[in-house]
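> Sequence:
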Amino acid sequence: MDWAHTADWVGRILLALYMAVGVWNNTTGFNDTIGLMTNKIGLPMPRVVLPIVILLEAIGTICLFIPSAAMYAALLLALWCATVPSLAHTWWQFPAGPMPVGEMRFLHKNLWFGNFAIAGGYLLLAFTPI
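Counting in this note's numbering, the sequence shown runs without a single skipped number right up to 130 at its last residue.
Bear in mind the hints are in silico, worked out from the structure with no lab data behind them.
Virtual Cβ for every residue (Gly too), placed ideally from N, Cα, C.
Worth double-checking, as some hints may not be accurate.
[As the list claims (entries may be wrong)] Simulated restraints on C-beta separations:
id, residue 1, residue 2, range
1, V48, N25, 31 to 37 Å
2, L75, M99, 16 to 22 Å
3, S68, A7, 21 to 27 Å
4, W3, G120, 20 to 26 Å
5, P98, I13, 34 to 40 Å
6, L17, G42, 47 to 53 Å
7, D2, R47, 42 to 48 Å
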């Protein structure tokens with residue numbers, strides 16, 4: 001058994017799962033996500049943008065398993081994970097301090113940095129052949 005190959009596939013599946021959960025949440029919570037995009041982010045035309053986001057994430061996730069498309073999908077998802085969190089997880093706008101005052105800052109800061117770590121995983125995946 002080739003452990004490196006197995007680990008590569010497990011990593012690929014876990015990164016795909018991360019994006020698939022986002023697709024699921026955006027689809028099943030469509031109106032809630034529209035509200036977030038409108039009220040918190042101030043994104044114009046969220047009812048047009050969200051279906052595009054869902055398609056991008058879904059197609060990108062599927063393409064992670066297609067040898068000819070995996071590198072491009074992983075690069076696109078890395079870029080996505082490195083840029084979009086700055087719109088949704090604006091931790092610097094929440095008050096600092098001990099819990100519970102700084103709870104939202106703590107949460108959003110962790111989510112923001114976590115997305116950068118996931119972007120790093122996608123970058124590694126982009127240059128790992130299937």
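> All the hints need checking, so say for each whether the structure fits it.
Do the hints match the structure? See the list:
1. The hinted range of 31 to 37 Å is not satisfied by V48 and N25, whose Cβ atoms lie roughly 19 Å apart.
2. At about 38 Å, the CB distance of L75 to M99 disagrees with the hint of 16 to 22 Å.
3. Between S68 and A7 the Cβ separation comes to about 23 Å, which falls inside the hinted range of 21 to 27 Å.
4. Here the CB-CB span from W3 to G120 is close to 21 Å, well matched to the stated 20 to 26 Å.
5. At about 38 Å, the CB distance of P98 to I13 agrees with the hint of 34 to 40 Å.
6. At about 30 Å, the CB distance of L17 to G42 disagrees with the hint of 47 to 53 Å.
7. Between D2 and R47 the beta carbon distance is about 47 Å. The supplied range of 42 to 48 Å therefore holds.
Violation of the numbered hints given earlier is confined to hints 1, 2 and 6; the remaining hints are satisfied by the structure.
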